[in-house]
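Engineer: Residue strings, one per chain:
There are 2 protein chains.
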Amino acid sequence: MIEIENMVDTLKLVGDKCRLSILLLLQERDLCVCEFVEILQTSQPNISQHMRKLKDGGLVKETKKGQWVYYSLATQDKPFLTDLFKYLPSQKDKVEKLTCEDSNCCD
Amino acid sequence: MIEIENMVDTLKLVGDKCRLSILLLLQERDLCVCEFVEILQTSQPNISQHMRKLKDGGLVKETKKGQWVYYSLATQDKPFLTDLFKYLPSQKDKVEKLTCEDSNCCD
DNA sequence: TTATTATATAATTATTCGATTATATAGATA
DNA sequence: TATCTATATAATCGAATAATTATATAATAA
Chain X
460 MIEIENMVDT LKLVGDKCRL SILLLLQERD LCVCEFVEIL QTSQPNISQH
510 MRKLKDGGLV KETKKGQWVY YSLATQDKPF LTDLFKYLPS QKDKVEKLTC
560 EDSNCCD
Chain U
460 MIEIENMVDT LKLVGDKCRL SILLLLQERD LCVCEFVEIL QTSQPNISQH
510 MRKLKDGGLV KETKKGQWVY YSLATQDKPF LTDLFKYLPS QKDKVEKLTC
560 EDSNCCD
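Protein chains in written order, with the working numbering: chain X, 460 to 566; chain U, 460 to 566.
This list has only true hints and no planted wrong ones.
Covered stretches of chain U, going by a simulated chain X footprint (3 or more residues, C-beta under 8 angstroms):
hint	region
1	462–472
2	478–486
3	536–543
4	546–553
Listing some non-contacts, in silico: residues in chain X with all C-beta distances to chain U over 12 angstroms:
hint	residue
5	C493
6	D515
7	A533
To list a few chain X residues with every Cβ distance to chain U over 10 angstroms, as calculated:
hint	residue
8	E487
9	V492
10	S507
11	K514
12	K524
13	G525
14	W527
15	S531
16	D552
17	T558
In case anyone wonders, no lab produced these hints; they're calculated from the structure. Since the structure is predicted, the reported quantities are computational estimates derived from the model, not experimental observations. Even glycine gets a Cβ: it sits at the ideal position worked out from N, Cα and C.
With the hints as constraints, model all of the structure from the sequences given.
Structural biologist: Below you can see the structure in the form of structure tokens.
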């Protein structure tokens, strides 16, 4: 059983188009900031600030690899989120279309 | 499958302590505005405005009975909400403690 | 009719929030 | 070393939001 206040905090985090998209994308594979920038068509600082909120809320964790920072899902302790994600469309195509993979970005 | 935008709209609605509490309370039984005011310890206009948002978002529907307006859940078409509510504590005790039921309120 | 009760609406205020812009940091490379 | 790249942080701005206060509406009761 989850306290209402804790649930509300998490729902506020996922109740944003950019952050919810980030979490769905991370279901496909770990991604770095520049990849989110490309897929979500927004600025690097915008992504960085959303990632900080998600990290503070315990929804993602980060791993530094050289100059890149890879983010991964940390929602194992929040099965209600996994339930929720099942109702939302796969972002597989978006991750596969990344042009980063063809260039010298993030490797 | 639900569009991300639609999901975000609904998550914004439930990502508020007062509104999420209202929805959980409505799982027990239909309630009128004055009962929410008593249970949630807030003002009547505050409840009314939250109810309007929930109604606009299609999460509740209203039934007028004399001078009272009873609200009920309208989440049959949103199973992901029913899933979510399962993780949250029952509000049965709060509804049962209503002093309204002993007085001339809401009958 | 007038008064009372339940609810809704409008106006206001304070706060929060998402995005942008500018700047800083830290690692990689020349 | 100096420079370039990826990311983070800080500052600012405007929009959205929750709550309060005041007022309106609508049904009931006296």
